[in-house]
Every structure is written in structure tokens, then in C-alpha cells.
Amino acid sequence: MNKRTILLVILAAIILARSSYAQTQILPDPCYSLYNGELPSTFGALSNASTYKGLIGYSMLIILSVLMIVAFLYAIGIAFKINRLISFSRNEILENVLNFILILFVAGGIAGIDGVVIGIAQFSTSAVSTSQPSITSTSDLYHNACENYYGDAMGEVGNLFLLALTIFEINIASSFQFNFMPNGFGVSLMPFAWYSLLSKMVGLFSLPIVAITGIELINVYLLAIIYYIFPLFLYLGILFRTFPWTRAIGGALLGLFISFYVFYPALIYAISNITTSSSMQAFAQSTITNFANELRENFLGSSLTTSINPGLSVSSAFSSLIITYAETIAGGGINSIGILISLIICFDLIEAFGDLLGAPSLTHGGILNKVI
Amino acid sequence: MQECLNSINSFLTAPYTAWFPITLIAATLIIVILAAIYLFAPLMGREDIRRNIGIMIYQTLFGIVLIIAFGIFATWVCTFNAESLLQNLNLILVNGIPSGLAVPQNANLYETAVYDLYWFTNYGALANTNYFLPVLYFVLNMGPSLNIKVNFIPGVDDLGISAKGSFNLGGLVLGSYFNYVIDALYWLFIINDVQFIIISAAPIIFAIFVSIGLIARIFGFSRNFGGSLIALGVGIGFVYPLMVSITYGFINVAYSQLKNNIFSNIVGSALFSSNLQTMLVGLINGLAVVNLILSSIYSIVNLAGFTATASLILPILNFVVVNTFVIDFSQAFGERLDFMSLLARIV
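So the protein sequences, as listed, match chains A and B. FYI, in my numbering the residues of the first sequence are 126 to 497. FYI, in my numbering the residues of the second sequence are 5 to 351.
In short, the hints are calculated from the structure, not lab data. Beta carbons: idealized from backbone N, C-alpha and C, even for Gly. Careful, some of the hints might be misleading.
[Said to hold, decoys possible] Per the computed footprint, the stretches of chain A lying under chain B, defined by three or more beta-carbons under 8 Å from a beta-carbon of chain B, are:
id : region
1  : 154-160
2  : 207-216
3  : 278-292
4  : 340-353
5  : 366-380
Starting from the given sequences, assemble the full structure and let the hints guide the process.
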């Protein structure tokens, strides 16, 4: 190998090492990629001048065409004296006026929606003393909510690692065996064999940790889907509302957009501020500790441990381990409950907006509740 | 595109289903008969019949308008260049396509929807999760085990202390975690394949249901039934492919971008944590291996989360929107049809 090749190899190694300098995180950070312009935004594409103006123009043309058809129907209604047709035509004229107002709302732009979303988030969090960064845009709001839940989900995965290590230690302890069997005859003693019971009990905590991780990760990517896809529902909703036969689905799409794009992240952000606050976490953990202590005194401390292994005072180690994991799960569980509360509120909001915008399928007893 | 047109055209024009002229002739005859009754009703002193006949004539005329509108709409759906529009909105993946797989150029709505679902299942998030998750499960189950045995007298096996432990993460807690996820993954494949079947059948469902619905709408006694069929046909044949194109198009584009973020840190964090010196130290003391394992697990957990969200939330969203459309559209045209509730009851 000549000197030039050696130099090239060293140079390549240095470049490779330096190029990876920024990659010091073990954890990937999808939230940064999702909300810092790395993903193409459909909302951005729809908001640019040509498409946006085109959409407004097409919407206006459709409204004009519908008005002409409605006028024709009105004439038929008058000619044949069909009261139903006359009232239908009058109603359509009013609906198209409402559509015109909705298009003006779109023309008000994303800035208006940003203002509403940020206002709701700031209002909701004003009641909670929080050290969260201030929200200045919709993407900020989504980004911060994403980071809250992503951080917690990955923390739960870290807890799984610790749980695995704990079980590993317990298994080693339980497998200790003293043999006094020279010539194959004698006594064999496993004094910590009952630790395997503890191992199984601690192992049960994996399921709730997995469930919490799943709910929080799904929420992280659900927020991204809402942020990028739901703005289309605003436009489709307005277009569908232009035609009388598709007005209900238009209202439903608008209801979905308002409830999930506008209210859901604001609620999630506000609730996550409450549930991840140190006071709330401390409260959840102290509640678990108190219950566990009562359990230990009444059951574990007296009956169970003494009956299984009366010679060993391991009840405190036994219960403290359980308490530690119960507290961990309580911390993550309270965040997951926040997600469920926000979803329930948003489903109720969809029903309310469905009523308001003439979408009967989204009213009480609607399909979303059935699906969930 | 041609297949789509063929499937609809053959249904419109085939001799055994020459319903288009028959329906128009039937509708014209119905209108003539109704017009005659309309004229003679005042002579019989029956103003109530006259009012009802007026509504019937209007409904029949509306039925003819709908038939013509359907013909125009079906042709438009099959020939409209949805691929170009979706590409302008960054809702179809065109970069990083492996050789041998072509992006559908100037494709219609059905072709883009099938392409998006096909990519998601065979090349995108679902395919990668299906590949990485079992590999990780296998690696974790190969974890090391620890055995210590101390004998009081060397050579005498059964006199002493022994302990053994298995650091087999896969067999313990993480194993159960990945077991749940792998179980869920196969359900996600089923959900995805159901969508694939529906999307593949969407053009013919559109043609058959809407055509039969339009025929049924001409006649007064089957008007409600016809309206429901039209709603179901348009819902599954147009709204559903539209939703799939939008949602899965976005997911494929988003995944192609996120994939780099999710996986690029694995080697970087393991080998090049800060600089060359740290890298060498990391390799020597084993930290690089620990980092490699941890970042692999975190990355695959992320990938599984992304795939689960896409595979669970998007079908629900798509079906909810289609069902909402069908409920509202069927109410406007005929009887209220809530097919998801019906299916839920059956399930």
C-alpha cells in the first residue's frame, strides 16, 4: 500500500467521523423532521399563490353555476307550483351565501387559523405554571406537543430496558444453588428460588408499559397526519358544501378539520402540560406509594412473605420494586389518559360542528363513536 | 386508465347491459304518461293528483339528468390526470423508486391509489417494519447467558455453589413487547390487504352500483333503493380512492423523508459518537456496541409506531369519511344507508 493510499484512507476516516459529528443522539428525533420544513406540506402547497387563487376561483365558479341551476329549479317550481322545489331553491340560495362566507374565511388564510390555534393553546396553558417554550405558530404547537409525548414514549422504552435488567438480576439470584452431594448423594438448596415469583410479577409490568408507549407513539404520528392531511379537508369541505347533495359530507369534513386540526393539538398541548408537570407526577406517584404501603402493611409484610420465606426480611425489597414500577407506569399512564380525554372532547366537538354545518352523520350516536 | 374506461364502457354499451338507451326510452315513456295524466287530472277535478304528478315529472327529468351527468363524471374520473395534481401537492412518491418499478405517469385516481397502497405494503413503512422487527426479535433472542459454577473440591461437580442467568432480552420483557407488535403487524397486513382488494374493485363497483342505482331511480317504487346504491357506488368508487390517494400518498412521502432520520443515527451514534478518538475508545470499551443495540431498538420502535399509526388510523379515517359521505349522500338521494354500522353488527 503506497503512501497516497494510506493518506486517502486516513482522510476518508476523518471526513466520515466529522460528517457524523452531529449524530451524537442515540434517539432519533422525528418531531424535528416533521415540523421543521423537511417534509413537504400539503397545506403549504395549497396555500401558494397559484393553487390557492385557483381554488378560490373554482369555488366561486361552482357557486355561480349552482346558483344558475337553483334559479332554473326555482322557475320550474313556480311554473308547476311545486312548493317543495320553491322552498328548496330558496334554501339553496342561503346555503350558497354561507359558502361564500366560508370561502372568505379561507381567503383570510392560514394566519387566521394559526391565531385561533395559538390563542386556544395559550389560553389553556395559562392556568398551569409551565416552563414550556412559548408558542408562536401552529407548527410550534404541533412540534412541542410531539416532543412532549415522544420524549415520554421513549422514556417508557428506557424503562423497559431497566425492567429487563432487573428481571435478569432477579433470575440470577433465584437460580443460586448450594450443592452438598459428594458421590451424587446429599442435599441441594435453592434459598432464593421464590424470587422467580417476584420476577414473574415484575414481568407483568411490561404490558402496561408497552400499551403506554404504543398510545403515545401513535399520538405522535397521529399529530403529524392531522397537521399535514387535515388542511385538505378544509378545502374539500368547502367544495363539497357547494353542491346540495354533497353538502352534508362537506360539513362533516369541515367538522373534522376544525375539531382535529384546530382543537386537538391545543388540547393535547394543554393537557400534556398539566399531566407532565412535576406537581401532577408527584401527586400520581405519592398516591401509588400510599396505596402500596397500605398493601404492604396489611398483606405483603405480614402474611405473604412470612409464609413463603419466614427467615428472610425481604418484604421491603419486594414491595419497593413493585412500587417503583407502579409509579413509573402511573407517570406514563396519566399522559395516556390525557390523550384519551382530548380525543373524547374532540369527538364531542365533531358532533357539535356536524350539527352546526348540517352533517347529520356526525351527530349524536355517530359513526366515530361506534368505530372507537 | 384504459382498463378503467373499458370496465365502465363495457358496462355502459355491452348488448346484454344496454341499459342506457332502454332507460332513456323508459324515462321518456314515463314522462309522456305522466304528462298525459297531468293534463287530464283537472278534467277529473283531481288537483291533488296534478300536484303529485308535477313532482314525479320533475324526479324523472332529474333521473335523466343524473344519467347523463354520470356518463360525463365516469369518463372524467377515468381520464383525469390525478397523478399530476397529487404530485403538485407532494402527495405521491416519485423519488428514490427502485429500478423495475415505474411511477404511474399521468395516471388516473384509481391507478394512483393502487400505486400508493402497493408502495406502502411492499416497499414503504409496512414492508420495512415487517423486515426489521422479526430480525430484531431474532437478535434479541440470541442474547448471551451467564453461568457460574464454583466447586469446593476441584473435579467434584456436585459439591459447591452454582448460579446461572440469561441476559436474553428477547425471552424476557422486550421479547413480550416485540411479540405484541409482531402480532399486531399481521393484523395490519390483513387490514391493508382488505383495502387493496376494495381499491382494485373500485372502478367496477362504481360502474355497476351507480348504473343500477340510476336505473332504479327512474321508477318511483325503487327510487329510494336507487339513491342508496348511487351513494354507495360513488362513495366506494370515487371518495374512497380519493382518500387513499391523499392519505397513503402523504404517508409514503413522509416515510421516505423520516426514514433517514430514524435510521441514519444508528451507525453514527454507535461508531462516530463525537470524534475519531471517542470512536476508537467506544469500539474498545464496548460502548459502541451498546449504542448500536440501543439506537437500533429505538429506531425500530419508531418505525413500528409510524407503521401502526399509518395502518390503523388511516383506514379508520378513510372508512369514516366514506361512510359519512354514503350516509349523507344516500339521505339526499334515497334511503339512509350506514354500511359501516351494518358491517360492525355482522362482525
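Hints, one by one, checked against the model:
Only when three residues or more bring their CB closer than 8 Å to a CB of chain B does the claim for the region 154-160 of chain A stand; here the count is 5, and the claim holds. With 3 residues having a beta carbon nearer than 8 Å to a beta carbon of chain B, the region 207-216 of chain A meets the requirement of three or more and the stated coverage holds. Coverage of the region 278-292 of chain A by chain B holds. Counting CB-CB distances below 8 Å, 8 residues qualify, and the rule asks for three or more. A count of 8 residues in the region 340-353 of chain A with a Cβ less than 8 Å from any Cβ of chain B is obtained; the coverage claim is therefore met, three being the minimum.
Counting residues of the region 366-380 of chain A whose beta carbon lies closer than 8 Å to any beta carbon of chain B gives 8, which meets the minimum of three for the stated coverage.
Comparing the model with each earlier hint shows no violations; every hint is respected.
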